[in-house]
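Asks: One-letter residues, chain by chain:
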Amino acid sequence: MRDATPTRIVGTPALRKEGFGKVTGGARYIDDIVLLGMWHGATVRSSIARGAIKDIRFGAGINWDEFVIVTAKDIPGANCIPLIVDNDQPVLADARVNHPEEPVVLLAHPDKARLHEAVEAVEIDYDPLPAVFTIEESERQQTIVWGEDNVIKRFLVEKGDVDSAWQHAAHIVSGEYRTGAQEQLYIENNGVIAEWSDADGLIIRGSMQCPYYVHKALLRVFDLPAEKVRVIQAETGGAFGGKEDYPSLIAAHAGLLALKAGRPVKIIYDREEDLAATTKRHPSRTRYRTAVDKDGHLLAMDIQVDLDGGAYATVSPTVLSRATIHSAGPYLCENIRVRSHAWATNVPPHGAFRGFGSPQTIFGIERHMDQIAKAVGISPEEVRRRNFLAQGNATATGQLIRDPIDLRGMMDRALKVSDYHAKRARFARENATSSAIKHGMGIASFMHGAGFTGSGERYLNSLVGLEADASGHLTVLVSSTEFGQGTNTMLSQVVAEALGLSCEDVSIAQPDTNRVPNSGPTVASRTTMIVGRLVHDAALALAGILREKNLLSEEFSADEFRAACAAYTAQFGALRSEARYQPPKDIFWDDAKYQGDAYPAFAWAVYVAEVAVDTRTYAAEVVNFYTVQEVGRVMNPVLAAGQIEGGVAQGVGYALYEKVVWKDGRMSNNQMTNYIIPTAADVPNIEVYFEEMPCEHGPYGAKGLGELPHDGPAPAILNAIQDAAGISFTSIPLLPEDIFLRMAEAPEPECLEIVGSAKGPQ
Amino acid sequence: MSAAKIQLSEIRFKVNGVERSATVPPMKRLLDVLREDLALTGVKEGCGEGECGSCSVLLDGVLVNSCLVPALQASGCEVLTVEGLATNGALAHIQRTFLELGGTQCGICTPGMMLAAESLLRKNPHPDLDAIREGLAGNLCRCTGYMRIIDAVKHAIEEPILTADLAPEETVHK
Numbered sequence: 001m002r003d004a005t006p007t008r009i010v011g012t013p014a015l016r017k018e019g020f021g022k023v024t025g026g027a028r029y030i031d032d033i034v035l036l037g038m039w040h041g042a043t044v045r046s047s048i049a050r051g052a053i054k055d056i057r058f059g060a061g062i063n064w065d066e067f068v069i070v071t072a073k074d075i076p077g078a079n080c081i082p083l084i085v086d087n088d089q090p091v092l093a094d095a096r097v098n099h100p101e102e103p104v105v106l107l108a109h110p111d112k113a114r115l116h117e118a119v120e121a122v123e124i125d126y127d128p129l130p131a132v133f134t135i136e137e138s139e140r141q142q143t144i145v146w147g148e149d150n151v152i153k154r155f156l157v158e159k160g161d162v163d164s165a166w167q168h169a170a171h172i173v174s175g176e177y178r179t180g181a182q183e184q185l186y187i188e189n190n191g192v193i194a195e196w197s198d199a200d201g202l203i204i205r206g207s208m209q210c211p212y213y214v215h216k217a218l219l220r221v222f223d224l225p226a227e228k229v230r231v232i233q234a235e236t237g238g239a240f241g242g243k244e245d246y247p248s249l250i251a252a253h254a255g256l257l258a259l260k261a262g263r264p265v266k267i268i269y270d271r272e273e274d275l276a277a278t279t280k281r282h283p284s285r286t287r288y289r290t291a292v293d294k295d296g297h298l299l300a301m302d303i304q305v306d307l308d309g310g311a312y313a314t315v316s317p318t319v320l321s322r323a324t325i326h327s328a329g330p331y332l333c334e335n336i337r338v339r340s341h342a343w344a345t346n347v348p349p350h351g352a353f354r355g356f357g358s359p360q361t362i363f364g365i366e367r368h369m370d371q372i373a374k375a376v377g378i379s380p381e382e383v384r385r386r387n388f389l390a391q392g393n394a395t396a397t398g399q400l401i402r403d404p405i406d407l408r409g410m411m412d413r414a415l416k417v418s419d420y421h422a423k424r425a426r427f428a429r430e431n432a433t434s435s436a437i438k439h440g441m442g443i444a445s446f447m448h449g450a451g452f453t454g455s456g457e458r459y460l461n462s463l464v465g466l467e468a469d470a471s472g473h474l475t476v477l478v479s480s481t482e483f484g485q486g487t488n489t490m491l492s493q494v495v496a497e498a499l500g501l502s503c504e505d506v507s508i509a510q511p512d513t514n515r516v517p518n519s520g521p522t523v524a525s526r527t528t529m530i531v532g533r534l535v536h537d538a539a540l541a542l543a544g545i546l547r548e549k550n551l552l553s554e555e556f557s558a559d560e561f562r563a564a565c566a567a568y569t570a571q572f573g574a575l576r577s578e579a580r581y582q583p584p585k586d587i588f589w590d591d592a593k594y595q596g597d598a599y600p601a602f603a604w605a606v607y608v609a610e611v612a613v614d615t616r617t618y619a620a621e622v623v624n625f626y627t628v629q630e631v632g633r634v635m636n637p638v639l640a641a642g643q644i645e646g647g648v649a650q651g652v653g654y655a656l657y658e659k660v661v662w663k664d665g666r667m668s669n670n671q672m673t674n675y676i677i678p679t680a681a682d683v684p685n686i687e688v689y690f691e692e693m694p695c696e697h698g699p700y701g702a703k704g705l706g707e708l709p710h711d712g713p714a715p716a717i718l719n720a721i722q723d724a725a726g727i728s729f730t731s732i733p734l735l736p737e738d739i740f741l742r743m744a745e746a747p748e749p750e751c752l753e754i755v756g757s758a759k760g761p762q
Numbered sequence: 001m002s003a004a005k006i007q008l009s010e011i012r013f014k015v016n017g018v019e020r021s022a023t024v025p026p027m028k029r030l031l032d033v034l035r036e037d038l039a040l041t042g043v044k045e046g047c048g049e050g051e052c053g054s055c056s057v058l059l060d061g062v063l064v065n066s067c068l069v070p071a072l073q074a075s076g077c078e079v080l081t082v083e084g085l086a087t088n089g090a091l092a093h094i095q096r097t098f099l100e101l102g103g104t105q106c107g108i109c110t111p112g113m114m115l116a117a118e119s120l121l122r123k124n125p126h127p128d129l130d131a132i133r134e135g136l137a138g139n140l141c142r143c144t145g146y147m148r149i150i151d152a153v154k155h156a157i158e159e160p161i162l163t164a165d166l167a168p169e170e171t172v173h174k
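Residue numbers (my numbering), protein chains in the order written: chain A, 1 to 762; chain B, 1 to 174.
In case anyone wonders, no lab produced these hints; they're calculated from the structure.
Quick reminder that beta carbons are idealized off the backbone N, C-alpha and C, glycines included.
Careful: at least some of the hints might be erroneous.
[Stated by the list, open to error] List time: in silico DSSO-like cross-link candidates among lysine-lysine, alpha-carbon distance up to 30 Å:
| # | chain 1 | residue 1 | chain 2 | residue 2 |
| --- | --- | --- | --- | --- |
| 1 | A | Lys-294 | A | Lys-216 |
| 2 | A | Lys-73 | A | Lys-54 |
| 3 | A | Lys-159 | A | Lys-73 |
| 4 | B | Lys-14 | B | Lys-123 |
| 5 | B | Lys-28 | A | Lys-112 |
| 6 | A | Lys-260 | A | Lys-112 |
| 7 | A | Lys-112 | B | Lys-14 |
| 8 | A | Lys-374 | A | Lys-294 |
| 9 | A | Lys-73 | A | Lys-112 |
| 10 | B | Lys-123 | A | Lys-416 |
| 11 | A | Lys-423 | B | Lys-14 |
| 12 | A | Lys-54 | A | Lys-663 |
[Stated by the list, open to error] Cβ-Cβ distance ranges computed for the label pairs, FRET-style:
| # | chain 1 | residue 1 | chain 2 | residue 2 | range |
| --- | --- | --- | --- | --- | --- |
| 13 | A | Pro-225 | B | Val-62 | 52 to 60 Å |
| 14 | A | Thr-617 | B | Pro-125 | 31 to 39 Å |
| 15 | B | Ser-75 | A | Arg-178 | 26 to 34 Å |
| 16 | B | Glu-134 | A | Ser-197 | 50 to 58 Å |
| 17 | A | Gln-391 | B | Pro-125 | 49 to 57 Å |
| 18 | B | Ser-75 | A | Glu-578 | 37 to 45 Å |
Just chain A, with the same shape it has in the complex:
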């Protein structure tokens, strides 16, 4: 740890860099862009979950000569979107389909209005095959839909000796917890425009998080050299992980149509298509069997994590990895075993969504900690306090916590700012006499690893660039994208701070693979800590170039910097610096044993939910939500708080509103009318408190924070509901009808079903 360096710009609420365009309507999103001679594309999708394609017929009543039609036969290269697993998701289904809504045929026409009936007129005949739709059906292995055993990926993490710990336990607490699929629901649907020319190759513009993922995918699909594919990110209206891998598929589709049509083709999904066809958060089932001593100290944790991966691997191996590593929570336990599986099912592939596996397992561990507290007879805050990781402790993967860590102080602060004890006492009194509305308080404490897991950052090998013109104006060259989180502003602050300039002196280049180097994907809470640090290093390197030529002294003013840039460019031409990721020397990860330093740094948090449960309507409402988090240095307090508040609102939706209804592997409520997210009238009052403990890995001590706030709300809310209503709910989303069903049952003896139960991993 290093001291917080005094800063001029880092830590201030610098204005959102691209904000002017966003408040004036001038920002150009993909659907706002029209190219000359552009046609529109649409996708014909499978109507069944699994089967062999027998025939594709183009029905009567449509003049098919007006349309460009693309099938798998038109793909010049590999019919595959390679991400982690090779020969994974096809661009277009060929001989068979493996999930509903799988793309089979593409159509393009100059008139967008004509596409709908044409899509309807394409008839696909199938020989249906048996399909599986849930973790349970997949793990039964009666119908094999993936490999030999339906397992897309498995991990085993072992610390200490779990099996010998049970005999010393004062209590053995077991529990099973479930989370549903969740839609990212960015308000801007997915969309891409493709152009093809023999001279330049393929040019893609689109709404996306990861231009170089799209680039890599298209090289194989079109069998082109790197310089013949160019990918440009348009202003992107929200992503949250939902535009991490799927845009590669849409870009391939638009590209195939553009190639065959010989003109630009735009594909914009409407909301129903986007909801039905694109990725969602993995549904999960986690099982905990824990041994604790009489004081509530964790002696052993036997954890089983199961995710529903959907029909193709896509990002499931890495989602499972993060879920696995976060499943033991921010607690010290000498004996831990985590066995985890991502199961194949015949539903559209589940994908990235803020938290990336962690919200699922943190829901499990944080609900479970409350059950341990009940079994031992201590308070929820006390059971956590007694088990918190401290500096020098080792996590489940044996990662030594080297940095200072203040979970106990954060717990104190969270309890104080939420007035936890007074409210809890008052609610207990009032709940005993009030029959209508019951109030409760719930806690979740948790962490989120910043950056790619394990060796991930080494493989990414990120590169950033920085250019200065003769006037001393700087342009940051990164493939890291802005989609609302504040990337542009944060990177401007870093450069301005490092070089003694103001944010107005810094521009961010539009992410365009012809112009910016590959600074890695914009995912995994890595942009501030990893890319921000590289941009900082590039800024220092740029000053170093000027000093080498004796144009700049150690200390310099903004004017001296500008004069140096003018002198350099006049004498030597372009002024440009770079920085490449250097793995920290003291970080070690063993991919085979899944042991070591899983992340360079963790952000830590303690959240408190205050809820009201109406026993007449069975509606649960979050009244207040208090967040205390330690995220290293806060780069921009307005943007950082905005990230926390937005993540909490999504977490509230995850817990209480957002239910994907499945029918034979297809989302049946694929409209905003019946997939409900919180409105301004639904969100609680959200209070945001930061602790700053600068971290050596990020610029000016920053760590990642984007995903953290989605991890804690759901368990905190269900813990609060248990406090209010005396019922332990173990599954989300928790809708009024679910509360009704349990309340209508006879009251249960608390915890009897979980303490000493034989249920759990065997």
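Since the structure of chain A is already known, use the hints to place chain B on it.
Replies: The following block gives chain B in isolation, referenced to the frame of chain A:
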């Protein structure tokens, strides 16, 4: 097959203070007329069924989802879109508070959200917290959790913005 010949109508209306016309199918969505025929792409489509509010505009001062309004219905009306909020390049007060207080993140809901705020403040110049929440409840935002949008509307009630209000709750330095 050729599409059935659709009768076109000329729609005349005042958009952002300027007389405009468009010759379009009368049932064409006002959203599409604004975006495609008048190039006012600040009006956004999020759901196409009146749920998300991204396409909100003021039609004769009334907040409407332009995806649910046929062009014919806008004939002879005054339409205000996000492009009409600023005057001569100077941001309207509500635009400034959205920008300065973190009321916009990805920006896709922002035009509609600001028009919802404008509509609310025209009807009720001093709304309390519940009225603000209610007034914005027809417009979905997935990024902000609404806190900073609510702040932006609160601060649009009074001038000037105090920079001290820009920061969130206190931060502890350790």
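Asks: Next, verify each hint and record whether it holds.
Replies: Hint check results:
Pair hint A:Lys-294 plus A:Lys-216 does not hold up; C-alpha atoms about 55 Å apart against a cutoff of 30 Å. The suggested pairing of A:Lys-73 with A:Lys-54 holds, with an alpha-carbon distance near 15 Å, which does not exceed 30 Å. Taken as a hint, the A:Lys-159 and A:Lys-73 pair is broken in the structure, with Cα atoms around 50 Å apart against an allowance of 30 Å. Note on B:Lys-14 and B:Lys-123: the hinted pairing holds, with a Cα-Cα distance of about 21 Å set against a maximum of 30 Å.
As the CA atoms of B:Lys-28 and A:Lys-112 are separated by approximately 13 Å, the hinted pair is consistent with the 30 Å bound. A C-alpha spacing of about 18 Å is found between A:Lys-260 and A:Lys-112, which places the hinted pair at or below 30 Å, so the restraint holds. Restraint check for A:Lys-112 and B:Lys-14: the C-alpha separation of about 27 Å stays at or below 30 Å, so the hint holds. Our distance criterion of 30 Å between C-alpha atoms is met by A:Lys-374 and A:Lys-294, whose separation comes to about 12 Å.
For the hint pairing A:Lys-73 with A:Lys-112, the CA-to-CA distance comes to about 24 Å; that is within 30 Å, so the pair holds. Restraint check for B:Lys-123 and A:Lys-416: the C-alpha separation of about 39 Å exceeds 30 Å, so the hint is violated. Between A:Lys-423 and B:Lys-14, the direct Cα distance comes to roughly 55 Å. Violation of the 30 Å bound is thereby established for this hinted pair. Of the pairs offered as hints, the one joining A:Lys-54 and A:Lys-663 holds, with about 24 Å between alpha carbons and a cut-off of 30 Å not exceeded.
Here the CB-CB span from A:Pro-225 to B:Val-62 is close to 56 Å, well matched to the stated 52 to 60 Å. Under the hint 31 to 39 Å, the C-beta atoms of A:Thr-617 and B:Pro-125, about 34 Å apart, fit the expected range. For B:Ser-75 paired with A:Arg-178, a C-beta distance near 53 Å fails the hint of 26 to 34 Å. Taken as a hint, the range 50 to 58 Å holds for the pair B:Glu-134 and A:Ser-197, whose Cβ atoms sit roughly 52 Å apart.
Between A:Gln-391 and B:Pro-125 the Cβ separation comes to about 54 Å, which falls inside the hinted range of 49 to 57 Å. The hinted window of 37 to 45 Å between B:Ser-75 and A:Glu-578 is violated, with their beta carbons roughly 58 Å apart.
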